[in-house]
Amino acid sequence: MIAPVISAAGLTKRFGEFTAVDGIDFEVPAGESFGLLGPNGAGKSTTMRMIGAVSARTAGDLRVLGRDPDTHGPEIRSLLGVVPQEDNLDTELSVRDNLIIYGRYFGIPRATCRSRADELLTFAQLDDKRTAKVDDLSGGMKRRLTIARALINEPRILMLDEPTTGLDPQARHVLWDRLFRLKERGTTLVLTTHYMDEAEQLCDRLVVVDKGRIMAEGSPARLIREYSTREVVELRFGSEHNASAAERMTGLTERMELLPDRVLLYADDGEAVLERVNHLGLHPTTSLVRRASLEDVFLRLTGRSLIE
Amino acid sequence: MTDPDLTTMTHETRARRFGIWYVAEHQLRGMRAYAWTIVMTGLGSPLLYLLGIGLGLATFLDQSIADGADGPVSYLFFVAPALLATSAVTVSTDEFTFTVMAGFKWRRLFWGMNASPVEPGQIASGLILSVFFRMIFTTTAYYVLMVAFGAVGDPWGAAWMPLVGVLGGMAFGLPLMAYSASITQDKGQFALVNRFIFTPLFLFSGTFFPLATLPLWLQWIGWISPLWHASEIGRSLSYGLPPGSWPVVWHYAVLVAYVVTGWVLAHRVFRRRLR
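Taken in sequence, the protein lines are chains G and P. Numbered as in the working numbering, the first sequence ends at 421 without a single skipped number. Numbered as in the working numbering, the second sequence ends at 874 without a single skipped number.
Be careful, since some hints might not be right.
Claimed, not checked - Straight-line C-alpha distance at most 20 Å; calculated DMTMM-like pairs for lysine to aspartate or glutamate:
| hint | chain 1 | residue 1 | chain 2 | residue 2 |
| --- | --- | --- | --- | --- |
| 1 | G | K246 | P | E624 |
| 2 | G | K296 | G | E275 |
| 3 | P | K704 | G | D200 |
| 4 | G | K296 | G | E267 |
| 5 | P | K704 | G | E199 |
| 6 | G | K242 | G | E275 |
| 7 | P | K704 | G | E205 |
Unchecked claim - Covered, in the sense of this in silico footprint (three residues per stretch, anywhere, with C-beta under 8 Å from a C-beta of chain P), are these stretches of chain G:
| hint | region |
| --- | --- |
| 8 | 166-173 |
| 9 | 182-188 |
| 10 | 203-216 |
| 11 | 219-225 |
Quick caveat, the hints were computed from the structure, so don't treat them as lab data. Just so we're clear, the structure is a prediction, and the values are computed from it rather than from any experiment. A virtual CB, placed ideally from N, CA and C, is assigned to each residue, including glycine.
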């Protein structure tokens, strides 16, 4: 059996009284695209920092590429690529120099840095921006450059913390496409996100994290199957009437969620449920039948929505 | 089940060995953006001061206000070593404040370095090394101009003075660096440092008149001031200190104590902040 590239057992991080990561266990095999899905403040970034060997754990065990981050920090970091949540590109340098200068921190000879920089600029679709200043790039381009920079040392694991937060939909799709290519090449990806569509697109397997704990684990499809029905009916009656409508619909489906702005009905056949709602004489202002998503899984597990 | 990737391992060892240099290289490249300012202040400020004081102020002073080892010395002789030390301290007030804040907060460069094999202590040392280069450029330029203006008693014997200036600049700068690294919110602290620490030190460190002319209750400012100690060493090199002065080795000892304390604190704060 091939040893996992990351294994955590009872991994815990406390800051004084506050427990950010509360004894989590997971393993990531080589080549997998692994996601940590959860709302802001769930402990995802702290977990990433521990894996990235820049934050010591309080308790538990952690191995990254077979090494202990507490004792082999520089060695582990030399084998990782890190895309932080907040860009930290050097705005004074050109796009290409950002890659070259960063490569130097890994002890890579200058000539190698240069040739890798050129390859990576092509990969990041930034060829025509090579001499541009970072400040002149769009948000999506900056993110792509940050990803290219994280690949300069040919890392064994690429870690991405909220890779598309703050990007417009088109830029997100371009970025996902690049990450998908890396995945196809066999790069191990570890990413955090609070976007369920991102998790569904990119992750082979994920853990749902909330308040420092793992709530569930599995592939996106399996999690949806396990914790939700196939379809979801979303009904809006107006904020005043949602509660009373929900009361009348009790028993219509096995599971119902009453949210401040809408009522969710879980069923395998959404259209049929919608028909029964009409039979009850209820007339929602808007109704939508959709496939269940990880958002529903999260709601089921925590009783809260992902983006609050 | 370690799985050594041989080429990367070699790189990693190299990163560990030369990390400080990589950080300094990056910082020096960053200085290119304001290279013009560095050169202009490096050459312009000594020119202005030496012209203003040597050709202007000194002509009004008939009497010597200070003594050297062999009796009274000219005002230009007296003031020049202190101006040189001040130039190094001025570099500190730039590079150990705004550059540190930029690295942690504004441009966040330190976080990028932190994700590489480089350790927090190497980031701190690399920054210090790059500032060392800027300081030695500034004080050397100052010294050359001082010699050109005839402001040094013994130009060859005092050739060590640019380094003494750097020692003074670091003695002021490293504790300041530790303080800057501990700041997470910019609330104009650096303007306060300039107004309430740098300016009083500049005025009361025996820069423009001998410290002993001040009333005793103000002299302590000079005693704790890296600027005074560096100035006195500079004077001792240029024309020798008058009898009854502090032994030069004490001045060195105070500066070294500041440098060591500042170094240790700065490294500790960098580590705490980045880990």
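Ascending list of hint numbers which this structure does not respect:
Number 6 - this is the single hint that the structure violates.
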